[in-house]
Amino acid sequence: MSQSPAFVLNVLETPEDPEGSQEPSPYDESEVHDSFHQLIQEQSRWVAEEGLELQQRQPETGALGASGSDHETMLGPEGAPVYSMATLRILASMPSRTIGRSRGAIISQYYSRTVKLRRRAGRPQLRDMGRSARPSLRLYDLELDSAVLEEEEKRGLLVKELQGLTAAQRDHMLRGMPLSLAEKRGLREESRPPRGKHRAQWHRGLLSCCDQLRDSCVLASHNLGLALLSGLQALMPWHYALKRIGGRFGSSVLSYFLFLKTLLAFNTLLLPPLLAFIVGVQAAFPPAPTGPVPAFTGLELLTGGGYFTHSVMYYGYYSNATLNQPCASPLDGSQCTPEAGSLPYSMPLAYLFTLGAAFFITCITLVYSMSRSFGESYRVGSTSGVHAITVFCSWDYKVTQRWATRLQHDNIRTQLKELLAEWQSRQHRRSACGQLRRVAVLGLVWLLCLGTTLGCTLAVYTFSELMIKQSPVSAEREAVLLLLPLVVCLLNLGGPYLFRILAALERHDSPVLEVYVAICRNLILKMVTLGILCYHWLGRRVGTLKDQCWENFVGQELYRLMVMDFIFTLLDTLLGELVWRLFSEKQLKRKGKPEFDIAGNVLELIYGQTLTWLGVLFSPLLPAMQIIKLLLLFYIKKASLMANCQAPRRPWKASHMSTVFISLLCFPSFLGAAVFLCYAVWQVKPSSTCGPFRTLDTMYEAGKVWVRRLEKAGPRVSWLPWIHRYLVEDTFPIYLVSALLLAVIYLNIQVVKGQRKVICLLKEQISNEGEDKIFLINKLQRVYERKERSRAGRTEEAVTPPALLTDGWDAQ
Amino acid sequence: MPELKDNPFRQRIAQVFSEDGDGHMTLDNFLDMFSVMSEMAPRDLKAYYAFKIYDFNNDDYICAWDLEQTVTKLTRGELSTEEVSLICEKVLDEADGDHDGRLSLEDFQNMILRAPDFLSTFHIRI
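Sequences listed follow chains L and Z, in order. Position 516 of the first sequence, counted from 1, bears residue number 596 in the working numbering, the numbering being contiguous throughout. Position 110 of the second sequence, counted from 1, bears residue number 313 in the working numbering, the numbering being contiguous throughout.
To be clear, the hints were calculated from the coordinates, so they are not data collected in a lab. Warning: the hint list may mix true and false statements.
Subject to a maximum C-alpha distance of 20 Å in a straight line, what follows is the list of computed EDC-like cross-link-like pairs (lysine to aspartate or glutamate) [said to hold, decoys possible]: (1) K843/L <-> D299/Z; (2) K208/Z <-> D295/L; (3) K341/L <-> D645/L; (4) K264/L <-> D295/L; (5) K208/Z <-> D476/L; (6) K837/L <-> E297/Z; (7) K843/L <-> E292/Z.
Stretch by stretch, here's where chain L covers chain Z in the computed footprint (C-beta under 8 Å, at least three residues) [to be verified]: (8) 223-230; (9) 242-255.
Predicted model only: the values in this text are computed from it and were never measured. No residue lacks a Cβ here, since even glycine has one placed at the ideal position from N, Cα and C.
Generate the whole structure from the sequences, applying the supplied hints.
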C-alpha cells in the first residue's frame, strides 16, 4: 500500500497511418471494453492471491493516465463513505480530479498543448499520442512517457517548448495558464530566446530590435483600443438609466428602452447624408421665392403647412436644376469662363441617389443587426441551458455600490422566478374538452379582433374620401387638415385597448405567447391603416391635386401624423398610467400599480419609425424630427414608468424579445416603406410645378437621363451605362442574386442541423463515459472489499501452516 | 477593497486566490486576482477560476450543495427552499453531461461556451 497504484491498460495497437494522427476512436470500444474486462479479472485474481501489491507494469504503448500527480496527498471526497481507503486514493488520483489541483498537472497539460501547437504542421510523433481508452481525456495528456517526471523536469520541458513558439503564441499560451503571476513571469523570462553567438549577435540584435518594435507597436495600439473602448463605454447614453430600469423592472421592460435606443441609432445613421447632400446644399443656394411667404402662426407646428411649406422641410422647395453652375450668366455667343472653385451640383441626381444610398445603408444595417441578434439569441442548443447560465453568468462583478448590488439581487431573483414560473406553467396539462373550449374561444376572439380591424379600416377610408371632398382647403381652415390624423390616431389608440379586453377572455399557457399574439393583432391594425393611407395618397390625392404640389401635401400629411402620434402617446401615458394609478389608489383603494404595456409601446415605436421612412422622400428633415421625438419619449416614458408602473405581474422571459422587435422593424415596417417608396419613384408621375423632378415622367428618369448623357459622353465612361443596361434594367441578375441568396440560406440551415446532430451524439457519448466510470469505480470497490474480507479471513487462519495455502495456490 | 465590498462571493474569491486557502492574500495573490478578472483574460482562464469560486467545498466538483449555496448567495436568501432546490435540480439537468449528479470542470466550461455574456460579467473594473 505504499505506492499509489497505477492502472495500466494494454490497448491493442492499431496500425499506424502515414499521418500518424489516428488514435483509438470511440468506435473501437468493443476492443477496449474487452480489455477492461480482462484487466479487471486479472487484477482481482492477483489481489486475491497476493494481497495488496499491484505491481507497476511496463507500459507498452501508453498508460491510462491515472498517475497524474506525483505528490498527491489529497484524500478523496468525504461524502462517499462506502468506498474503501484504497478506492478513495485511486479516485483522488484520477486525472479529472488532479487537473485543478497540482501545479505539476497544469504544467504537464500546457506542455502537451505547446507541443501540439508547435508540431501542428508536421507529423506528430507516436510518443506523444497518449493512448487512452477514454477519448474524452485525450486533451489532458499528462504522461507522455512512462517515467514519472519530477515537477522541475516538467517545467524545464515546458520552457523548452515555449521557446520554440513565436512571441504572440507564447504570450497567448502564458495568458491562458491558470498559474500564479509570479510563475508566469518566471516562465516568460526563461523562455525568452537565448542570446546567440557573438558572430550572429548583430543579426539577432537587429531581429530582436524589430521584434521589440513590433511588439511595442502592437502593445501601444492595443492600449489605445482599450482606452477608446472604455471611453465609448462612458459615452454610451443612458447607461445608468437603463441599468436602473433593468434592476427594478426586469429585462422585459428594459427591452423596450433598448429598442428605443436602437431606433435612435438608425435615425442618426439616416440623417447625416440627407443633411449633407440635400438639405445643406439647397439651403446654401436658395431658389427664387415663388410667392409671398405666409406669416408664422403657431399652427404650423401642428399642421406643417403655412410658413413651413416653402422651406427646406419639403420636397417642393428643391430645385430641378444644376446648382452652382460654372457659367453664372452666359454672355451672348461667347464661351463661359468657369469661375474658380465652382463645382456643378445636380440637385435631382443628388436627391435620388442620396435617398437611395441612405435607404440601402439602412437596409444593410437592419439586416446585419437582425442576423447578429439571431446569432446571439439562437445559438445551437442555447435554449437548453438557461437555468445554469442564469445561476453562473448573471452576477455582474463590476457592480460596486450597495444599492446597485441590491438591484442586482432583485433582478436575479426576478429572473429565477420567471424561469420557474414558465417551467411550472408548462407542467400544467388540460383535458380534451378544455382544449376544445379553448380553441373555440380563441377562434372567436380572433374573429372579433379582425372584425374590429376591418371596421377601423373602413372608417379611415370613408373619412379620407370625405377629406378629399372637402379640399381644396383655404389657409384659414388649415386646422381641418388635422382631422384625418386625429381619426387615425384615435383608432390606433382605442384598438389595442379593445384587443386587450378581448384577450382577457382567452387564457394562454405562456405569457410569452400572449405578448406575441397581442403584438400580432396590433401590428395588423396599424399596417392595414397605413396601407389605406398610402393608397389614399398615391392613388387618390395625386389625381385630385393635379397642377399642385402633391408631394408637399403628402409630406405635410406625414408630418401631421407624426405630431399627432406623439401627442397621443403622451396622452396615453398620462391617462393610461398616471391617471389610472391615481384612480386605482384613491377610488378603488387598490395597491397595485398599472403594468407597463410592452407590446403596445413597442408597436408605437415601430409605427413612428415607419412613418419616418415613408415620409423621407417627401420631407427630408423628417428623421431629425423623429430623433427629437424619440429623445423626448425616452425621458417621458422613463419618468412615467418609475412613478406609476410596476413590473409585469406574470413574469416572462425576455431573451428573444429584442430579436423579435428588430425582425418586426425589418419585415413589415422597413419593407413596406421600401415598397411604397419604390412605387413612388418608379411609377408615379411627379408634379410639374415643384420639386427636383418636375419635368420628368417618373423620378427614376433622372437617373436614366444621366446614364444616357454618360453614354454620349464617350467611350471612357462606357462601363457605367453598360452596368446600368445589363445589371440594373435587365431582370436576369436579380434572379441570379435571389437564387444565390436562397442557396446560401439553405446551406446554413443544413449546417445548423448537422451541428445539432453532432451535439446530440457528443452528449450521449459523455453520458456513456460517465456510466463507464461509475461501473469501473464500483468494480474497483468490490475488488478491494473482497481483498479486505480475504485479509480478515487470513488473519483468522494465521495459525494454519502456510504449506496448506501454498498447495492451494499451486493448484490454481 | 471597495470593489468587492458587497459582492456575495467575496469570501470565496479571497479563499480561491490566496495561497493558503484561508483568505489571506499577499500582493502577488492580489495581482493574480485582478489579472484573472481583467478584460484581457481569456475565457478558459476565467471559467477555470469561476469554477473554483463556485466550488464551495473545494472538491473539484460543483455538487448540489455548492449550487444551493450559490443560489442562496445570489438571491440573498429571498427564495424559498423548494424554489432553490428546484433551480439546483434544473441546473444539474442542463449542465451535467456525464450524469454523475455534479458538475465537473469540463461541464462548466461547456456551459460557459453557450453564455455570450460571461466575459463581460466576470470582470472587475479597477
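Checked hints:
no.: 1; hint: K843/L <-> D299/Z; verdict: holds (10 Å)
no.: 2; hint: K208/Z <-> D295/L; verdict: violated (37 Å)
no.: 3; hint: K341/L <-> D645/L; verdict: holds (19 Å)
no.: 4; hint: K264/L <-> D295/L; verdict: holds (19 Å)
no.: 5; hint: K208/Z <-> D476/L; verdict: holds (14 Å)
no.: 6; hint: K837/L <-> E297/Z; verdict: holds (17 Å)
no.: 7; hint: K843/L <-> E292/Z; verdict: holds (18 Å)
no.: 8; hint: 223-230; verdict: violated (count 0)
no.: 9; hint: 242-255; verdict: holds (count 11)
Violated hints, in rising order: 2, 8; the structure is consistent with all others.
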